[in-house]
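Student: Residue strings, one per chain:
Protein chains: 2
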Amino acid sequence: MNRRSFLVGSLAAGGMAPALSRRTSAAQRRPAAPLASSALADSLQVLVFDTFGTVVDWRSSVSSEVEKLAREKGRKLDAIAFAEAWRANYGPSMNRVRTGELPWTKLDALHRMTLDGLLVRFNIEGLSEEEKRHLNRAWHRLRPWPDAPGGLTRLKKRYVLSPLSNGNLALLTNMAKFGGLPWDCILGSDVVRHYKPDKEMYLMPSEFFDLPPSAVMMVAAHAGDLDSAKQYGLRTAYVPRPLEYGPTPTRPLAPMPEAGRFDIIATDFNDLATQLGL
Amino acid sequence: MNRRSFLVGSLAAGGMAPALSRRTSAAQRRPAAPLASSALADSLQVLVFDTFGTVVDWRSSVSSEVEKLAREKGRKLDAIAFAEAWRANYGPSMNRVRTGELPWTKLDALHRMTLDGLLVRFNIEGLSEEEKRHLNRAWHRLRPWPDAPGGLTRLKKRYVLSPLSNGNLALLTNMAKFGGLPWDCILGSDVVRHYKPDKEMYLMPSEFFDLPPSAVMMVAAHAGDLDSAKQYGLRTAYVPRPLEYGPTPTRPLAPMPEAGRFDIIATDFNDLATQLGL
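Chains A and B, in that order, are what the protein sequence lines are. Going by this note's numbering, the letters in the first sequence line up with residues 1 to 278, in that order. Going by this note's numbering, the letters in the second sequence line up with residues 1 to 278, in that order.
Among the hints, erroneous ones may be present.
[As the list claims (entries may be wrong)] Negatives, chain A to chain B, calculated, CB over 10 Å:
{"no.": "1", "residue": "85"}
{"no.": "2", "residue": "87"}
{"no.": "3", "residue": "98"}
{"no.": "4", "residue": "105"}
{"no.": "5", "residue": "125"}
{"no.": "6", "residue": "132"}
{"no.": "7", "residue": "170"}
{"no.": "8", "residue": "172"}
{"no.": "9", "residue": "176"}
{"no.": "10", "residue": "177"}
{"no.": "11", "residue": "184"}
{"no.": "12", "residue": "188"}
{"no.": "13", "residue": "255"}
[Unchecked claim] Below are the EDC-like pairs computed for lysine to aspartate or glutamate, each with C-alpha atoms no more than 20 Å apart in a straight line:
{"no.": "14", "chain 1": "A", "residue 1": "132", "chain 2": "B", "residue 2": "268"}
{"no.": "15", "chain 1": "B", "residue 1": "156", "chain 2": "A", "residue 2": "184"}
{"no.": "16", "chain 1": "A", "residue 1": "177", "chain 2": "B", "residue 2": "268"}
{"no.": "17", "chain 1": "A", "residue 1": "177", "chain 2": "B", "residue 2": "42"}
{"no.": "18", "chain 1": "A", "residue 1": "73", "chain 2": "A", "residue 2": "129"}
{"no.": "19", "chain 1": "A", "residue 1": "156", "chain 2": "B", "residue 2": "67"}
{"no.": "20", "chain 1": "B", "residue 1": "157", "chain 2": "A", "residue 2": "184"}
{"no.": "21", "chain 1": "B", "residue 1": "157", "chain 2": "B", "residue 2": "268"}
{"no.": "22", "chain 1": "B", "residue 1": "177", "chain 2": "A", "residue 2": "184"}
[As the list claims (entries may be wrong)] Label-pair ranges, simulated between beta-carbon atoms:
{"no.": "23", "chain 1": "B", "residue 1": "261", "chain 2": "A", "residue 2": "121", "range": "38 to 46 Å"}
{"no.": "24", "chain 1": "B", "residue 1": "259", "chain 2": "A", "residue 2": "120", "range": "23 to 31 Å"}
{"no.": "25", "chain 1": "A", "residue 1": "214", "chain 2": "B", "residue 2": "119", "range": "27 to 35 Å"}
{"no.": "26", "chain 1": "A", "residue 1": "127", "chain 2": "B", "residue 2": "38", "range": "37 to 45 Å"}
{"no.": "27", "chain 1": "B", "residue 1": "39", "chain 2": "A", "residue 2": "113", "range": "44 to 52 Å"}
Calculated from the structure, these hints are not laboratory results. In this text, a Cβ means the ideal position worked out from N, Cα and C, and glycines have one as well.
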């Protein structure tokens, strides 16, 4: 089962807007959300984060780079469609590695394979190799959601923070420098040469830190990712990112997870910090 | 050949004090030291740092924790001798892994094996398992040399910074949180399951970042470590740490390396930043 099917599996009819609205009005009272038990907060040592969509806004970041390049080249194209098509091949391309069809291949190289096909499909010709390399590294220059740097800075006071992403270590490191993400270390997929939802990824933090998986909390905007983490014993926090596919998404938004499915549901990283007592 | 023998090999009769004094008086003129060529500075993308001795003062940090614990237990011991003996088994214990006598073993576990022997040798009895675990993690709480956090912060503006240390990822991550070391990522020995001077360690940064080794500079206070890095194509910067073995070391200080052996010789991390144009 690949991650893409996890994501698709988490989508259902009915938007998250009503649930979000309820949380927003609840947030106007104090406390903003029920506090996680202090026993839970105290039991955690490492927080790991899904990155694309959860920490950074890949869609607007990639499309604005595509838009800019197209303008420079005097071409017209639907940059949002380009970015979404690039992302849509993320799961299938990783699955070629997960099934053994391809040997271990970093996400940068998978992105490049997809890019080469998209340049043909979107009829963009004449890019130099340097321009293609630069465009491929748009995924190293993704902008964080507005609450991410500040929320992470609060969480970093007590916990070790790392991305736990299918991105490769260089991509995630460059992204952190670009966006000011204060990670303590970078657990890229190329460290274990596996992609989520392989268990090697979910167990990487506890193995490096000599901890039980229950001392690690996975934070993600995608319920399927958290279901996998939970299966391997990690704690889970769901943070919805209703703008991942833009203000008027063409696909149904994921519903809010049912109560009890995850340890914490937080409106954003600041709310997560508050719920953990920071 | 193990790392310890590298270090010992770099020690020779005659202290470094005269050479250091010459550099200090040179530093009173401007520029503080010859600038590295801007071509060199521009060719670099990643700076990696030996850690124990180069970034942090393991000797005073470990001995002060040992001292404090002994006082609490009402024991008298030579805490400096304890710390130096712990460190002295660093090379031999890693060599047991490098030669295959032991399977892959993290530095934390090697430190613990050495500690268990030292507690007997120094006649410290009655520590609880929790106290032993805490003491073993003194290596996660090493204090940086005074110039390290500020110098690294300057270098971080242009370069990706990482330790390249025989420490394991958790040890290096915790040390960075403890001492305020602003690494961009953590390349611990347990990522590649090799110890320096194995080539897998020196080539780890260029492989993760898809760079030629010459775009990576190794920074160390130990000439043997830099000789190994140079052998694999990395650039090299030597930063003397004449206080690594204290103000009145019982072993001869390493001489300053001869001109041309390394790309840069800097008095500390701030001087390194200056020489790289930052």
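Student: Indicate, hint by hint, whether the structure satisfies it.
Tutor: Hints and how they fare:
1. Interface exclusion of residue 85(A) from chain B stands, the closest Cβ pair being 25 Å apart, more than 10 Å.
2. Non-interface call for residue 87(A) relative to chain B: holds, since the shortest CB-CB distance, roughly 22 Å, exceeds 10 Å.
3. In this structure residue 98(A) is separated from chain B by more than 10 Å, as the shortest Cβ-Cβ distance comes to about 21 Å.
4. Once the 10 Å rule is applied to beta carbons, residue 105(A) is consistent with being away from chain B; the minimum gap is 12 Å.
5. For residue 125(A), the requirement that its beta carbon stay farther than 10 Å from each beta carbon of chain B is met, with the minimum near 26 Å.
6. Residue-level check passed: residue 132(A) sits 14 Å from the nearest beta carbon of chain B, beyond 10 Å.
7. Listed as a non-interface residue, residue 170(A) fails to keep its Cβ farther than 10 Å from every Cβ of chain B; the least gap is roughly 5 Å.
8. The claim that residue 172(A) lies off the interface is violated: its Cβ sits roughly 8 Å from the closest Cβ of chain B, which falls inside the 10 Å cut-off.
9. Remark: the non-interface label on residue 176(A) conflicts with the geometry, its nearest Cβ contact in chain B lying 7 Å away (cut-off 10 Å).
10. A beta-carbon of chain B comes within 10 Å of the beta-carbon of residue 177(A); the shortest separation is about 6 Å.
11. A cut-off of 10 Å between C-beta atoms contradicts the statement that residue 184(A) is not in contact with chain B; the least separation is 5 Å.
12. The claim that residue 188(A) lies off the interface is violated: its Cβ sits roughly 8 Å from the closest Cβ of chain B, which falls inside the 10 Å cut-off.
13. With a closest Cβ-Cβ approach of about 36 Å to chain B, residue 255(A) is found to remain outside the 10 Å limit, as its non-interface label requires.
14. Distance hint between residue 132(A) and residue 268(B) is unfulfilled; the C-alpha atoms sit about 39 Å from each other, more than 20 Å.
15. Between residue 156(B) and residue 184(A), the direct Cα distance comes to roughly 14 Å. Compliance with the 20 Å bound is thereby established for this hinted pair.
16. In summary, the hint linking residue 177(A) to residue 268(B) is not supported, as the alpha carbons are separated by about 24 Å, beyond the 20 Å threshold.
17. About 18 Å separates the Cα atoms of residue 177(A) and residue 42(B), which keeps this hinted pair within 20 Å; it holds.
18. Restraint check for residue 73(A) and residue 129(A): the C-alpha separation of about 15 Å stays at or below 20 Å, so the hint holds.
19. Straight-line distance between C-alpha atoms of residue 156(A) and residue 67(B) comes to about 30 Å, which puts the hinted pair past the 20 Å bound.
20. A hinted pair counts as satisfied when its Cα atoms are at most 20 Å apart, and residue 157(B) with residue 184(A) qualifies at roughly 17 Å.
21. Annotation: proposed proximity of residue 157(B) to residue 268(B) holds, straight-line Cα distance about 17 Å (limit 20 Å).
22. Simply put, residue 177(B) and residue 184(A) have alpha-carbon atoms about 7 Å apart, close enough for the 20 Å limit, and the pair holds.
23. With their beta carbons about 54 Å apart, residue 261(B) and residue 121(A) fall outside the hinted range of 38 to 46 Å.
24. Judged by the Cβ atoms, the range 23 to 31 Å given for residue 259(B) and residue 120(A) is violated: they are separated by roughly 54 Å.
25. Taking 27 to 35 Å as the suggested C-beta distance range, the pair residue 214(A) and residue 119(B) conforms, at roughly 31 Å.
26. A hinted range of 37 to 45 Å for the beta carbons of residue 127(A) and residue 38(B) is inconsistent with their spacing of about 30 Å.
27. For residue 39(B) and residue 113(A), the hinted distance range of 44 to 52 Å is not satisfied, since their beta carbons lie about 34 Å from each other.
Consistency with the previously given hints fails for numbers 7, 8, 9, 10, 11, 12, 14, 16, 19, 23, 24, 26, 27, ordered from lowest to highest.
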